[in-house]
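K.L.:
Each chain, written out:
There are 2 protein chains.
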Amino acid sequence: MLWLTSPKNLNMTSSTPLLPAEFLAFLTENSDRFERELIEWLRIASISSDSSATENVHAAADWVKEKLASAGLRTESIATDGFPLIYAETPLPEPIDGKKATVALVYGHYDVQPPEPLDLWDSPPFEPVIRDGKIYARGATDDKGQVLTHVLAVAEWFASGRSLPIQIKLLIEGEEEVGSENLEKDLPELADKLACDVVVVSDSSQYAVDRPAITCGLRGIATYELFVKGPSHDLHSGSFGGAVKNPAMALCQLLSSMMDEDGKIAVDGFYDDVLPMPEIEREAWKQLGSDDAEFARSVGAEALAGEPGYTTDERRWGRPSLDINGLTSGHQGEGVKTVLPAKASAKFSCRLVPGQQPQRITQVIEEHLARHLPSGVWIELRPDHGAAAMLADATSPYTIAAAEAVESAFGVAPVMIREGGSIPILARFQEVLQCDVLLLGWGQNDDAAHSPNEKFSLADFHRGIHASAALWQAISKTEPAAA
Amino acid sequence: MLWLTSPKNLNMTSSTPLLPAEFLAFLTENSDRFERELIEWLRIASISSDSSATENVHAAADWVKEKLASAGLRTESIATDGFPLIYAETPLPEPIDGKKATVALVYGHYDVQPPEPLDLWDSPPFEPVIRDGKIYARGATDDKGQVLTHVLAVAEWFASGRSLPIQIKLLIEGEEEVGSENLEKDLPELADKLACDVVVVSDSSQYAVDRPAITCGLRGIATYELFVKGPSHDLHSGSFGGAVKNPAMALCQLLSSMMDEDGKIAVDGFYDDVLPMPEIEREAWKQLGSDDAEFARSVGAEALAGEPGYTTDERRWGRPSLDINGLTSGHQGEGVKTVLPAKASAKFSCRLVPGQQPQRITQVIEEHLARHLPSGVWIELRPDHGAAAMLADATSPYTIAAAEAVESAFGVAPVMIREGGSIPILARFQEVLQCDVLLLGWGQNDDAAHSPNEKFSLADFHRGIHASAALWQAISKTEPAAA
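Taken in order, these protein sequences are the chains called X and S. Heads up: the first sequence begins at 1 in UniProt numbering, then just goes up one per residue. Heads up: the second sequence begins at 1 in UniProt numbering, then just goes up one per residue.
No wet-lab data here; the hints were simulated from the structure. Just so we're clear, the structure is a prediction, and the values are computed from it rather than from any experiment. Some hints here could point you the wrong way.
For chains that are exact copies, the list does not tell them apart, and a pair is met inside one copy or across any two.
The calculated lysine-lysine pairs, modelled on DSS-like cross-linking and capped at a C-alpha distance of 27 Å, are [to be verified]:
hint, residue 1, residue 2
1, K343, K65
2, K229, K343
3, K193, K229
4, K264, K185
5, K286, K67
6, K67, K134
7, K99, K286
8, K337, K185
9, K185, K286
10, K134, K337
11, K343, K100
12, K193, K264
13, K229, K337
14, K286, K264
15, K477, K286
16, K337, K193
17, K286, K343
18, K477, K185
19, K193, K67
20, K337, K264
21, K343, K99
22, K134, K185
23, K337, K100
24, K477, K100
25, K193, K286
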């Protein structure tokens, strides 16, 4: 097991199987039914960003509420200014030896990304099909297939009449794909209801096929749009070229001034607050044996390139980044139109690492742009949203318990990784609920979340159910973290 | 008169009025009809680049052919691989004292630019309206309104039964806005038919309102599209940002590497072949009294900016330029989509000055890109079309005759300028027909050619007709240039 701290140093109490054999047999016997239930949920086109899909989003909420309620869990739909939060909980076990039972909160979402571009799907996004052991549909891996592993594990165990050694709460929202704004806003007033020791999330990926992972960190984010305005209208580049500053060139100059040619971000102060990656984590990542040539091939790139002095995994997980997400200016259609465009704009975003705060990043970018302001144009920077990075406690008893549960289900110990993407609500959970976070991704990097032909491995789906059921037992055997 | 060489040094033979008073009265009496005819022609949406407008382009050709034929000119439609060339000619006068009559060729075009973006037009582009003495429509100034001055001057004079002292040929094409490729291709085999002493073109602007000009030079052009390809598909900027080279950033770096921040083009060899501007021309331009602040206001820019060491007119007319015409990459719609785009591209173009050849410019740009190739991406440069700059003979008798004709119509002597735009076919006329060129722009710099709300001053329209009619008389009074 590739781990920072040996489990031996922690309060692991037994090596007996985590789940009774008959429950494992029950899971196997019912695997077809579980797949049918997943298909049923995936058929509901719950696209939260599409105002014409409102009924579907509610239907997907109702579906999972009914699934939990029919298993006997206390269930409710919590209204927000947008789509409802589906909440369920198992009973709180009595204290044992005066020690309060652990409370875990499963967080996931029932909304999905828009499926466009539709013409790139091999089968319709909301007509799930199974090919080669994988289920293809929008939401398969992000997040219905993943969150359903926990819903099924808890519901089926509970429905079987067995008691749970800890209290499990489930919170499944419908606005994750549009920014979780309502959940974030309502979180303080829901703090008592959601109070927990650890939040469990399956909305990410394993390190590779048959290489399950526990994700101990996520990068934060800060997104921007930069506008450059030149003349009041597009000019003839012959009559005016050379005498009037070209806004598209000014934009390119501004954007390229923000990054050295070798990939280091060239904004003064950008790296000031970056906490160094712990050597032990860097060492663990190196042992993953990531192969740059293979990685480049997997994304179809000519080669990898990034900040000097860091490995690919370090660049993705432990170092901040700055990416242009879109460029717009002038004539973009067929053929030649020799205009000097009136304006140019770019969308860009930074991924942040522990230590960095989006507000401070906005400030150093504003200062940089002011220092590099080209003459002859106006510029405007519009920050959109921001969130700090999230670091889980890699040495918490929950993490160690999760490692044991994952190994029991997948037959191989998980590796410890981070993920370069952002789930802003998790840092808010840590802050408001004062809890640990467990990120147990059952997906794969090539699952095409947010892309055409999204998929989820059914083997991973079933191992996820097994791992979830085992997790609650494993957690109950650990000492809770000291308050 | 702001001029290189005093007209006194040349063979100007008289100061009698160029046109009979009764013809000038006729022009005044028929001015409403001329405007109605212009409106009729402008209503025809002859967009040569729009395949759905093919019938309109032919209709615009037929309209001008009919106008010339009904005046009694020998007229024909010359087929090309694209839209036809409309050709007309007046009879060749008998030699006087054994001296062959001068032959002038009027060149113009009946096709127009696409009108997009439509939402920026205050009135529909093909429903001409007159506001404040100006006619607003696509093609008003470029080039229907301008070429029609010559069509009307020749046709009305000829229809009145008067003889012309020189032969006038008219060539009005339908593919100027898409590069004049067919005319250029067919020009050698049309050389006998088009043989002339001077080509007369009105497809440019006066120096300012009530400051007519003779344009003695045009810049050349070289247009390109630059493609940068990164990963095979858009990637999640969280999972991959920092580890995979961003094609949009690579594009910005490449483009900004081609220009210093102060506006000098930073491509090695780019300026190698540039011929210096003659001091006498620079001096003449300085005396135009161009005001940078006023110029910036007229185009709505924050300020002017360009290559250090040159005035605004020198930058526009006598120095080469490089402009980005369009930028495209990634997410350009509403809101945030944090992709690392698979590709990025730019359209850009250079304006060339005497001495520079487009082939050589392509070569130095290719060498520059190869030297600055970012790692991790593929790039491709696609040259589109190119043409060398054109210089007219500012001391030719035709130029001097034109100055007299313009002064008689506008009431003020023209100034001598160049124009930064390109009419590639003119250098070809010079080369194939071995003729002089007269560029007599009746437009204004703010006429918005190629832009929404294109317009043309009706006063300039009528003065253009007068000037054209006077020009043929003035030319007949000069000695032809020595062979």
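K.L.:
One pair to classify: K337 and K100, alpha carbons no more than 27 Å apart. Within, between, both, or neither?
P.N.:
Neither: 71 Å inside a chain and 43 Å across chains, both beyond 27 Å.
K.L.:
When Cα atoms must be at most 27 Å apart, do K337 and K264 count as within-copy, between-copy, both, or neither?
P.N.:
Between copies only: 23 Å across chains, 35 Å inside a chain, cut-off 27 Å.
K.L.:
Using 27 Å as the alpha-carbon threshold, which applies to K193 and K286: within, between, both, or neither?
P.N.:
For K193 and K286, neither the intra-copy (41 Å) nor the inter-copy (77 Å) Cα distance is at most 27 Å.
K.L.:
Between K477 and K185, at a C-alpha cutoff of 27 Å, which is it: within one copy, between copies, both, or neither?
P.N.:
Classified as neither; 35 Å inside a copy, 86 Å across copies.
K.L.:
For K337 and K193, with the copy left unspecified, which applies at a CA distance of at most 27 Å: within, between, both, or neither?
P.N.:
neither (59 Å within a copy, 32 Å between copies)
K.L.:
At 27 Å max between alpha carbons, let me know whether K99 reaches K286 within a copy, between copies, both or neither.
P.N.:
Classified as neither; 40 Å inside a copy, 91 Å across copies.
K.L.:
Treating 27 Å as the Cα threshold, decide for K286 and K67: within, between, both or neither.
P.N.:
The answer is neither: 42 Å in one copy and 80 Å across copies each exceed 27 Å.
K.L.:
Measure nothing new, just compare the shortest in-copy and cross-copy C-alpha distances for K286 and K264 to 27 Å and report within, between, both or neither.
P.N.:
within (21 Å within a copy, 46 Å between copies)
K.L.:
Go through the copies and call it for K193 and K67: within, between, both or neither, with a Cα cutoff of 27 Å.
P.N.:
Within one copy only: 21 Å inside, 85 Å across.
K.L.:
When no copy is specified for K286 and K343, does a C-alpha distance of 27 Å or less occur within a copy, between copies, both, or neither?
P.N.:
neither (45 Å within a copy, 30 Å between copies)
K.L.:
Which holds for K229 with K343 at a C-alpha limit of 27 Å: within a copy, between copies, both or neither?
P.N.:
both (4 Å within a copy, 24 Å between copies)
K.L.:
Between the shortest in-copy and the shortest cross-copy C-alpha distance, which are at most 27 Å for K134 and K337: within, between, both, or neither?
P.N.:
The answer is between: 25 Å across copies meets 27 Å, while 45 Å in one copy does not.
Hint violations for this structure: numbers 1, 3, 4, 5, 7, 9, 11, 12, 15, 16, 17, 18, 21, 22, 23, 25, all remaining hints satisfied.
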